[in-house]
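Asks: One-letter residues, chain by chain:
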Amino acid sequence: MEKQKHLPDEIFSDRIKILKILFFIFLGIILGKLVYLQAFKYSYYRSKANNIHFIERTIPAYRGTIYSRNGHILAIDIPAKTLYIYTTNVNNKQKEIKIISQILHIPENILTDKFKEIYPLIARNIPINEYDALKSENLQGLNWENSYLRFYPKGKFASNVIGFVNTGGDGLGGVEYSYNNILAGRKGRYAMAKTGKGRYLPGFDRIIVKPQKGANIYLTINSHIQGIVEDEIGKLYKKFKPSYVSVIVMNPKTGAILALANKPDFNPNDPWNYSLQDRKDFAIEDDYEPGSMFKIVTISGVIQKKKVTPDEKIFCHNGVWLVRGHLLHDADPMGTLTVTQVIAQSSNIGTVQLAMKLGRDTLYRYIRKFGFGEPTGLDLPGEASGILKPLNLWTPFTITSVPYGQGVGVTSIQMLRAMAVLANGGYLVRPYVVRKIVFPDGKIKRIQPRKSGPIISERTVHVVDKILNNVVSNHGTGAFAQIAGYRICGKTGTSQIYENGRYSNSHFVASFIGFLPMADPKVVIIVSAYDPKGGLYYGGSVSAPTWRAIAWRIMQYYNISPKNMNNQIAFSYHKP
Amino acid sequence: MSSKEWSNLYYKCLIICVTLWVWGMVMVLSSSTPSGIQNTGNAFYYFEKQSIFFFLGLGLFMFFKNFPYQKLKKFAKPFVILSFFLLVGVIVLGHIVKGARRDIGFGPLEFQPSELAKVAFIIYLADFFSRKYGKKMVLKDFTAPLIVLVFMMLLLIKEPDFGSTVLIFLYAVGLLFLAGMNLKIIFGFIGSFIPIAVVLVAMAPYRMKRIIGFLHPNQHPYGIGYQIIQSLISLGSGGIFGVGIGNGKQKLAFLPESYKDYVFAIIGEETGLIGTIGVIALFTVLVLICLYVSRKTKDPFGKYLASGIGLYFGCQVLLNIGVVIDILPSKGTTLPFFSYGGSSLVMSMATLGILFSIIKGLRTEEEIPIISSPL
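Top line first, the protein sequences correspond to chains C and S.
Residues are numbered in our numbering as their position in the first sequence, beginning at 1, plus a constant of 646.
Residues are numbered in our numbering as their position in the second sequence, beginning at 1, plus a constant of 191.
One or more hints might be untrue.
To be verified - Cross-link-like lysine-lysine pairs, in silico, DSS-like; alpha carbons within 25 angstroms at most:
#, chain 1, residue 1, chain 2, residue 2
1, S, Lys375, C, Lys666
2, S, Lys451, C, Lys843
3, C, Lys679, S, Lys551
4, S, Lys195, S, Lys400
5, C, Lys694, S, Lys323
6, C, Lys663, S, Lys327
7, S, Lys489, S, Lys400
8, C, Lys843, S, Lys400
9, S, Lys349, S, Lys400
10, S, Lys262, S, Lys349
11, S, Lys349, C, Lys663
12, S, Lys375, C, Lys663
13, C, Lys881, C, Lys843
14, C, Lys739, C, Lys663
15, C, Lys663, S, Lys487
16, S, Lys262, C, Lys666
17, S, Lys487, S, Lys551
18, S, Lys240, S, Lys489
19, C, Lys1082, C, Lys1168
20, C, Lys881, C, Lys1179
21, S, Lys264, S, Lys489
22, S, Lys400, C, Lys666
23, C, Lys666, S, Lys487
24, S, Lys400, C, Lys679
25, S, Lys451, C, Lys663
26, C, Lys666, S, Lys349
27, S, Lys551, C, Lys663
28, S, Lys203, C, Lys666
Simulated from the structure, these hints should not be mistaken for laboratory data.
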């Protein structure tokens, strides 16, 4: 009966079943692998496929426009065309290279090298006439990508504040650098399809990420005041040929920079044609010894601590004083002066005596309180901290130099901020150049002024202002800064440049700093000329006249009338 | 088999066939257009040729469907002899494509004798085993089919057409197994071919390369591993839903032979996992129908023929997909109906016609009233 079980049909059916099982085992393996490939490894293979199917390109974003406070355009992106070529789509490369070489004036051998790539960059920002010429030729594989050319319509105007960009559109200086992330927006990306042979495949371009416009920036810079400053600084630069000269105009109450200019300067449309020296923002990047301007700190401390009264008498040792083993000199020998006169006539010997009444610890504290030894926090790149020796490095002799601004390094912006304390009732402001950011979606961010303090009392401010008003009088060193009808507080500064291990007798920094009108100061202005030539070197004679011209024109711009004229004609006082 | 069961089977099979044909033609169109432009300038060049073969195949399908399959017994030997003549002819006279002579030209159309040989061999074996059905067989009974097999394999190797060689060997093993041959003999039979295979691989450097490419594709991403890497990228990048028929990028000169042996990768890219599983499901149901029919048929020739047709499709599909998804080394096999290639399409459709003829036999055996055929 065993044979019965092995009927041909049964054997056949059994073996069919076995074949089926084998078939399904194999099928199971196949399905397993397919699920693995297509479901689990999808993203891996998708990105691999995208890598080989597409050439990814960035889409430049429209960089934000920079405006002045008054809405003048200072920096703007201009749409341009950048030429790429799909070389694999070009049939006659030799002929095409020849034509492009003729139109764009690119040597043929350079183009031949570029044509070895699949998608080379041929030329950026092509001018319209060359663009038209190329379009009229029947060329293959040309692809015009959008690009933007940064344009500074006012050229050198406010270049140190605005800064400049590199060919890739990244900010390299000024606001262009410090606000790069805000201005730049976000670059987009798009993909172009290609075949396995590298040929471009039209019709498959797709945008992966849309570019996002950058935000517009409104500066605190007032175009008119900036124009005045650049005009006057140009005259000074021409007349005295200093290595550098810088002017800053600030609103003392808020810290808003209304104008900032340096000479030499540069044109941000063409930054590479200027040297690093030309592009340097002397006003904030370099420190120098402030000289007598620094006496405002000493006198403020002394008055605040009530060590003296303005009318107290100080003996000035007739111009030569042996103190702590060193000889101190005054430019002009002076006998007994009041405290006011010590500052107005800028006696170093008198100032050191005031400082000694204060003591080195308190003096140092006041220097720090006035913001020296650290950056001001100005929103421009490259700001220097200045040089202030920490107290533990002070020698007994230090107090005989620092009070009148020797042996201490400051930047113009630090000096200006310290002066602003005396113009705004005792507060230390943070200088800033950007007052408003307007985002593409219409949101507006206004920069709020920041200040700390008061660091000295209103009484001290009042007293010191009166002393500084005496500087800008016929008896003071700042006589050339006088403007009839305006009460001005100011201070001259003349410092010897420290070079080759000693203080030079022929190279000076001539500065003038001041604010007006005294009753309600609108602007605080500093003019600093580094190493002026031609004989004159006093701050009162080199910088004060420029300061005066600027201040006078700003007062006119602000329409602030002179007061207590006593029949004088405004701006009648004019000496070189 | 009841009338209802029978018509269910009949229409199920018909729907499967029509779906395979239509989808197959769509994929030929989709996968061949870039190569058409590249090679001939005419995007539809391959599709047009395939369409001519499709209608030829449809004619043969109709013919064999209505042709009593029992009469094929008479043609078993003539077909094999014809195949031999054509195989010799192609080796002597054939077009050389990529170093292989596989086609004989008939005017504008080419024909691959190896496709005929595969079907002829199955009919021959079905005839041979049906004569021995139910009888005890000893090894020397197999002398004739063994000689046919060895000669056919030698001619196919000479072309060279390694894929068809392997397929014919698998058909022989499969039918030998179904014929109730002792398993020891079957394993001995398989074993005796292993040294031959090793020698063949060692003799032809390109076969060696294919195996290296299979084992280590990523070590040769631009050489022998290129095709398989591109194949996997096609499949994987299709994900579950695919990029849409016609939207695939891999056929744009990335994946070589994307419209021939590797069309399954394009199916994977364009229709995703849903598409690949769909194709596999269609073929699975077709194979299962073949095996079902072979069990139901009382006539031994019909039994072997139906199961042989099941082997014919099953082995081709498994080998082709196995290569495309990188679980088998590359050997050159087509995916029936989907790969471009007229001979394969024509013979596949003719084979389906024979299957339908056997299905018809199931009905007449039960003496069920004739149902008007839709075709």
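Asks: If a hint holds in the structure, say so; if it does not, say that too.
Replies: How the hints compare with the structure:
no. : hint                   : verdict
1   : S:Lys375 to C:Lys666   : holds, 20 angstroms
2   : S:Lys451 to C:Lys843   : holds, 19 angstroms
3   : C:Lys679 to S:Lys551   : violated, 38 angstroms
4   : S:Lys195 to S:Lys400   : violated, 53 angstroms
5   : C:Lys694 to S:Lys323   : violated, 56 angstroms
6   : C:Lys663 to S:Lys327   : holds, 21 angstroms
7   : S:Lys489 to S:Lys400   : violated, 47 angstroms
8   : C:Lys843 to S:Lys400   : holds, 23 angstroms
9   : S:Lys349 to S:Lys400   : holds, 18 angstroms
10  : S:Lys262 to S:Lys349   : violated, 32 angstroms
11  : S:Lys349 to C:Lys663   : violated, 35 angstroms
12  : S:Lys375 to C:Lys663   : holds, 19 angstroms
13  : C:Lys881 to C:Lys843   : violated, 65 angstroms
14  : C:Lys739 to C:Lys663   : violated, 65 angstroms
15  : C:Lys663 to S:Lys487   : holds, 13 angstroms
16  : S:Lys262 to C:Lys666   : violated, 28 angstroms
17  : S:Lys487 to S:Lys551   : holds, 12 angstroms
18  : S:Lys240 to S:Lys489   : violated, 40 angstroms
19  : C:Lys1082 to C:Lys1168 : holds, 21 angstroms
20  : C:Lys881 to C:Lys1179  : holds, 14 angstroms
21  : S:Lys264 to S:Lys489   : holds, 16 angstroms
22  : S:Lys400 to C:Lys666   : violated, 33 angstroms
23  : C:Lys666 to S:Lys487   : holds, 15 angstroms
24  : S:Lys400 to C:Lys679   : holds, 23 angstroms
25  : S:Lys451 to C:Lys663   : violated, 32 angstroms
26  : C:Lys666 to S:Lys349   : violated, 33 angstroms
27  : S:Lys551 to C:Lys663   : holds, 23 angstroms
28  : S:Lys203 to C:Lys666   : holds, 19 angstroms
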